[in-house]
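Protein sequence lines, in the order shown, are assigned to chains A and B.
Heads up: the first sequence begins at 1 in the numbering used here, then just goes up one per residue.
Heads up: the second sequence begins at 1 in the numbering used here, then just goes up one per residue.
It is possible that part of the hints are untrue.
Intra- or inter-copy, both count: the list cannot distinguish identical chains.
Cross-link-like lysine-lysine pairs, in silico, DSSO-like; alpha carbons within 27 Å at most [said to hold, decoys possible]:
1) K278 to K198
2) K105 to K132
3) K105 to K278
4) K145 to K191
5) K3 to K191
6) K132 to K179
7) K191 to K150
8) K132 to K189
9) K250 to K28
10) K8 to K250
11) K179 to K28
12) K179 to K198
13) K215 to K191
14) K198 to K57
Treat the hints as calculated values from the structure; they're not laboratory data.
There are 2 protein chains.
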Amino acid sequence: MNKIIDGKFYAQELNTRLKNSIEQINGKRKPKLTIIQIGDNFASNKYIKNKLNACEKVGIIGELKKYQENIKQSEIVREIEKLNKDLTVDGIIVQLPLPSHINEKEITDTISPLKDADGFTPINLGNVMLNKSNIYPATPYGIIKLLEWKKINLIGANIVIIGRSNIVGKPLANMLINKSATVTVCNTKTKDLKRICKNADVLISAAGAANLVTKDFVNDKMTIIDVGANFVDGKYCGDVKFDEVFEIVKYITPVPGGVGPMTISCLLENTFNLYSQKEN
Amino acid sequence: MNKIIDGKFYAQELNTRLKNSIEQINGKRKPKLTIIQIGDNFASNKYIKNKLNACEKVGIIGELKKYQENIKQSEIVREIEKLNKDLTVDGIIVQLPLPSHINEKEITDTISPLKDADGFTPINLGNVMLNKSNIYPATPYGIIKLLEWKKINLIGANIVIIGRSNIVGKPLANMLINKSATVTVCNTKTKDLKRICKNADVLISAAGAANLVTKDFVNDKMTIIDVGANFVDGKYCGDVKFDEVFEIVKYITPVPGGVGPMTISCLLENTFNLYSQKEN
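Start from the sequences and build out the full structure, keeping to the hints where you can.
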């Protein structure tokens, strides 16, 4: 049995399905995703390029609106309000991180929930908690798709999440609770982290800390989802000591090629779903 | 040391403080809470009476709008829209449960977030998840107040919640995660519930199942919060076998007189906060 959960492979499969759906749109305009970037962060440039490439491959119009580092809060808000009204724009995302003078919360709150391709607006997150949303934050959504693809039981499963960010840990916890899993959310203050993790059926690390998860955290029935995106000595890696735990666990996602491609795929799916809601 | 967490006592203290704040409102109108009831559910009648009495005691105008069991969805929506516009109304709550022909989600979504005294609207729950709200669902808010009153450490504490409802389990989990606790949410599908609970520093039972929590669930450092509101042989009781665990645990809330009075107190505080936001 192959232990590796090949997110790259599955994301490509999902992207191909999405491409086919978009090709079947007859006569109407194509879906459009607008990405707002402020400043010129190196990692952001790379992520945005990946998103725009992915848009092109599936037939979504990807548009980058790049603004100077020193742009005023009020100007960005005005730009988003314009995009909210633009009938040709289906999804709007603001690439994080933002410069320190920009109030991220106000920016997110400005995005129309009807164009919230990242699923980060409060009204959408509230509906995620209530299990009434059809748009999910892309990384948690990708993780759940991977687990379901591999037919990993979630009902009654002990799932431990390391990390409680607004974009991964917390929405993911709510989504898994709604899937009837027993969910534990850990953070940097957690006592006895190893013991808690070692009992898990599914361990999801979204801590952003390289080499955090060692063989002492795992068991031989465990599925590991590594959400870490760390750079160590110029090398891109996750939170998990992959070589050390690989032999022990049942399933594991690699970094790169695990959660990352799924996140982009889910962003595209969100954009298409927002388009479909509007056009149908 | 007194083991009992006396919610009734603390709620009265909070209500007295609130009464003083409301008395200091000079010349302006008083805060007003409007309760919508559909039909004539026995338990609802009792809860509503308690809420109206509590309003009167602290100087909030409590108003009951009672509608026939067979009222149409569209009429209730229209009534709420009227209340949303009514400048004399600060808080609106819809007493649950609703008759089966009424769509609860649509009703909740209609309440203006600016008048959402129960904190049940999606935009408010999203902001609770994001730790950016100033209105919290009343029962979770009351529980956190009790824990803080007793100076029970939450940072890094192992907190287990039994139950994952939209009004207690899920919002409470998000609030405790934001307080840096390690939070586990269990449900009826949870395997090995006893073992999970037995390790907890704080055990919160919101399962609605009498006698669920026995001595096998507890330890001698544990704080128990019993959110259960069950009737067994005509007697009102919680989820916890109180007599059996009382001797073992460190702190415990009684039923009645624990979480219940705090819920009402927090509802009043929410109403006053909504009033203050509007008037200042």
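To see whether the hints hold, each was checked on the structure:
Within a single copy, K278 and K198 get their C-alpha atoms no closer than 45 Å, and across copies no closer than 50 Å, so neither meets the 27 Å cut-off. Taking the shortest Cα distances, K105 and K132 sit within 27 Å of each other both inside one copy (23 Å) and across copies (9 Å). In this homomeric assembly, K105 and K278 come within 27 Å of each other (Cα to Cα) both inside a single copy, at 26 Å, and across copies, at 21 Å. Taking the closest pair of Cα atoms, K145 and K191 come within 27 Å of each other only across two copies (23 Å); inside a single copy the shortest separation is 30 Å, beyond that limit.
For a Cα distance limit of 27 Å, the shortest separation of K3 from K191 across copies, 25 Å, qualifies, whereas the shortest one inside one copy, 30 Å, does not. In the homo-oligomer, the alpha carbons of K132 and K179 lie at most 27 Å apart both inside one protomer (13 Å) and across protomers (26 Å), since each shortest distance falls under that limit. In this homomeric assembly, K191 and K150 come within 27 Å of each other (Cα to Cα) only across copies, at 21 Å, whereas the closest approach inside a single copy is 31 Å. Proximity of K132 and K189 under a CA criterion of 27 Å is satisfied inter-copy only: 21 Å between copies versus 31 Å inside one chain copy.
When the C-alpha separation of K250 and K28 is checked against a cutoff of 27 Å, the pair qualifies neither within a copy, at 46 Å, nor between copies, at 66 Å. In the homo-oligomer, the alpha carbons of K8 and K250 lie at most 27 Å apart inside one protomer (19 Å), although the nearest pairing across protomers, at 51 Å, exceeds that limit. In this assembly of identical chains, the alpha carbons of K179 and K28 never lie at most 27 Å apart, being 36 Å within a copy and 49 Å across copies at closest. Proximity of K179 to K198 under the C-alpha cut-off of 27 Å is found in both arrangements, the shortest distances being 22 Å within a copy and 24 Å between copies.
For a Cα distance limit of 27 Å, the shortest separation of K215 from K191 qualifies both inside one copy, at 18 Å, and across copies, at 24 Å. In this assembly of identical chains, K198 and K57 lie within 27 Å of each other by CA distance neither inside one copy nor across copies; the values are 40 Å within and 52 Å between.
In terms of the numbered hints stated before, the structure departs from hints 1, 9, 11 and 14, listed from lowest to highest.
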